[in-house]
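Sequence lines, in order, name chains Y and B.
Residues in the first sequence are numbered from 1 upward in steps of one, following our numbering.
Residues in the second sequence are numbered from 1 upward in steps of one, following our numbering.
Honestly, the hints are just simulated from the structure, not real lab data.
Treat the hints with caution; some may be incorrect.
Okay, derived cross-link-like pairs now, EDC-like style, lysine to aspartate or glutamate, Cα gap no bigger than 20 angstroms in a straight line [what the hints assert, rightly or not]: (1) 88(B) x 196(B); (2) 146(B) x 200(B); (3) 13(B) x 174(Y); (4) 13(B) x 160(Y); (5) 143(Y) x 116(Y); (6) 12(Y) x 188(B); (7) 230(Y) x 200(B); (8) 13(B) x 56(Y); (9) 88(B) x 168(Y); (10) 230(Y) x 67(B); (11) 12(Y) x 196(B); (12) 13(B) x 168(Y); (13) 13(B) x 116(Y); (14) 13(B) x 102(Y); (15) 146(Y) x 160(Y); (16) 88(B) x 86(Y); (17) 143(Y) x 94(Y); (18) 12(Y) x 67(B); (19) 12(Y) x 45(B); (20) 13(B) x 83(Y); (21) 12(Y) x 149(B).
Spelled out, the chains give:
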Amino acid sequence: MSVTSPVTSQRKNWRVAEVVDIGEETSRVRTLTLRVADWAGHVPGQHVDVRLTGEDGSQAQRSYSITSGPEAREISLAVERLDEGEVSPYLASEVRPGDRFELRGPIGGYFIWTVERGGPLVLIAGGSGIAPLMSMLRHRAAKKAKFPATLLYSARRYDEIIFREELDRMAVADPNLQVAYTLTREQPADWRGGNKRIDRESLMAFVNPPKQRPQIYVCGPSGLVENTAKLLVEIGHERGCIRTERFGPTGA
Amino acid sequence: MTNPPISRGFRAKSRPAGHRDRVPPGQHLVSDFPVLSAGPTPQIDLVRWRFSLRERGKILKEWNWDEFNALPQTDWKRDIHCVTTWSKLDTHWRGVTVDDLLRAVGHDEAPAPYVMMHSAGGYTTNLPSADLVGGKAMVATLYEGKPLDPEHGWPARLVVPHLYFWKSAKWLIGLDFIPENRQGFWEDLGYHDYGDPWQEQRYVGD
């Protein structure tokens, strides 16, 4: 593997992270920007484990993808509030700048990408599955990479597209980046993007043909990932070029 | 380390009474069955499916689907624990224990101290043989009385419930008994070599 990942060697100790900024991405998703002492950096696509401790000493931990690029000074996580969640309601509603909690990582050595791996790069997201892919796009933009990249992003509604403004700015600034949205539940009146779930037709339209051997990363709910990966194989993409990561409701 | 910071107003959900000793540290209970896979689900043709027991790569015995299903069947009710922090209690499995597979080739014990599990699609995972014998592991073909879902390993997967569930390789097509330990797919990518949930052995060094 050409990417030297910080995952493989040493023990992942719990560290204290301090919340330095909070951004509202959608009505259910927040970005937490964190300062972590002696953070050794990460590779786009990796995640961290977050552990919360209550006043009664009770603890719970969950994994969250890093959304910032490795070039950013601090790391960012996107947290979606799940009503039945144990950790996400706290992180997505209660936490304030200055608050601290434990974190360890970065973790993950397979669903990762850096510009050294080259392109074409194809990212396919469903809902909050955009999170690890955003780190890849920010890294690509910071490195001013020229090879073609595509993001195909399925969300339910327009106002549920996470990072929409930044994605639109990236696409305008970079002629080699194509960003395509599809809205599966409800579309604005003047909507010109897709209006159904990712299917064979949209994959044929937006994903580079198999002979170009695109590096494909699919992240989202299990059903979307399962179906998309299956269609990509049917279209002729090599299994080894398709990397998947699934966010279930239990990612809360 | 020093005491962790306290999150004001946060309180972890209490584990259901009577289940606390069944939920390892850092885990939470789920009622659904989440999926973890690195790539596309393999397309498998049952007619061409073969399961092999090997020693240092050499085939000791190979079964086709009908032959495999004619082996002694065992029913299990077990708790399972995924490294991504979910646990699920009282899951039902039916399949062939590794003990019965070994018996079918005339072995009372494992022929070598380590095993590499091989799956369709190239996935591998490693374990000491001791963790597969003595009623600790089965090659399951039914979950909750029904064939496995494709994304959960159809037609056959390993079930080693006392370890994190990535050790329970999906789409299993063979066990290779080997003299020395080698790392499998996730183990090579920074996950723990053994994966005991009660010791929270999630990643290298845990």
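Hint compliance check: list the failing hint numbers for this structure, sorted ascending. Hints 2, 3, 4, 7, 9, 10, 12, 13, 15, 17, 18, 19, 21 not satisfied by this model.
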